[in-house]
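Novice: Chain by chain, the residues run as shown.
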Amino acid sequence: DIQMTQSPASLSASPEEIVTITCQASQDIGNWLAWYQQKPGKSPQLLIYSATSLADGIPSRFSGSRSGTQYSLKISRLQVEDTGIYYCLQRYSNPWTFGGGTKLELK
Amino acid sequence: QVNLQESGPGIVKPSQPLSVTCSVTGYSITTSYYYWNWIRKFPGNKLEWMGYISYDGSIYYNPSLKSRISITRDTSKNQFFLQLNTVTTEDTAVYYCARHIYYYVMDAWGQGASVTVSS
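Sequence lines, in order, name chains V and H.
Position one of the first sequence corresponds to residue 42 (our numbering), numbered consecutively onward.
Position one of the second sequence corresponds to residue 142 (our numbering), numbered consecutively onward.
Please keep in mind that the hints were generated in silico from the structure rather than gathered at the bench.
This structure is a prediction, so every number in the text was calculated from the model and none was measured.
Heads up, simulated BS3-like pairs for lysine-lysine below, C-alpha to C-alpha not over 27 Å straight-line:
id: 1; chain 1: H; residue 1: Lys154; chain 2: H; residue 2: Lys207
id: 2; chain 1: H; residue 1: Lys187; chain 2: H; residue 2: Lys207
id: 3; chain 1: H; residue 1: Lys218; chain 2: V; residue 2: Lys83
id: 4; chain 1: V; residue 1: Lys115; chain 2: V; residue 2: Lys144
id: 5; chain 1: V; residue 1: Lys115; chain 2: V; residue 2: Lys80
id: 6; chain 1: H; residue 1: Lys187; chain 2: V; residue 2: Lys83
id: 7; chain 1: V; residue 1: Lys148; chain 2: H; residue 2: Lys187
id: 8; chain 1: V; residue 1: Lys144; chain 2: H; residue 2: Lys187
id: 9; chain 1: H; residue 1: Lys187; chain 2: V; residue 2: Lys80
Pair by pair, the computed Cβ-Cβ distance ranges are:
id: 10; chain 1: V; residue 1: Lys148; chain 2: H; residue 2: Pro150; range: 39 to 45 Å
id: 11; chain 1: V; residue 1: Glu146; chain 2: H; residue 2: Ser211; range: 36 to 42 Å
id: 12; chain 1: V; residue 1: Ser53; chain 2: H; residue 2: Ser211; range: 41 to 47 Å
id: 13; chain 1: V; residue 1: Ile59; chain 2: H; residue 2: Ser148; range: 39 to 45 Å
Note that the Cβ used here is the ideal one computed from N, Cα and C, for glycine as well.
Construct all of the structure, not just a fragment, from the sequences and the given hints.
Specialist: What follows is the structure, given as structure tokens:
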């Protein structure tokens with residue numbers, strides 16, 4: 042299985058700050074990487090697909106990038122509603138695997 | 142607009158089978174190129190993709206579960222089902238159903254069904 046190592050595990054930041062979450066894949070997965078946000082009591086919501094493409098209805102302050110086998114999610118101008126857990130997902134090969142999650146808290 | 146809704150037992154005894162149903166409205170589960178997935182979230186927030194059943198009935202299971210998992214469907218009711226056999230407390234999780242289209246990722250999820258394995 043492809044391992045997705047996500048960091049940090051938790052993060053605390055203030056509104057309007059910029060934060061970056063990363064996922065390191067254990068092998069080449071191309072652009073087959075997605076990011077999800079899960080708010081408390083809700084199901085995961087797709088933010089980014091194909092490593093850099095913004096999903097429908099997602100604010101442009103969310104962005105994804107790739108450098109080799111490292112993938113990053115950047116959230117600019119943090120808002121209070123960005124609180125939640127963020128996950129990466131690789132769908133390059135079966136079984137699909139998620140990163141361990143990053144819990145984002147707003148100060 | 143697609144809507145997915147899980148329904149499950151809430152609590153299951155160890156060694157018993159766990160069954161969860163996903164009822165889909167607004168979209169046929171036989172629509173070409175759509176796949177219907179099961180994912181679970183453990184206490185502690187880890188997510189595990191369990192497998193899928195496709196529009197044409199083909200199935201893929203996560204090898205970590207292969208001996209215990211079964212995914213089936215009832216196209217007349219537009220539902221698909223998860224059965225996990227011989228459960229232990231390690232199977233306590235929130236079980237989600239979700240869809241994806243070929244070459245894409247899960248873009249629609251149910252609200253989740255919490256299942257606790259306990260005697």
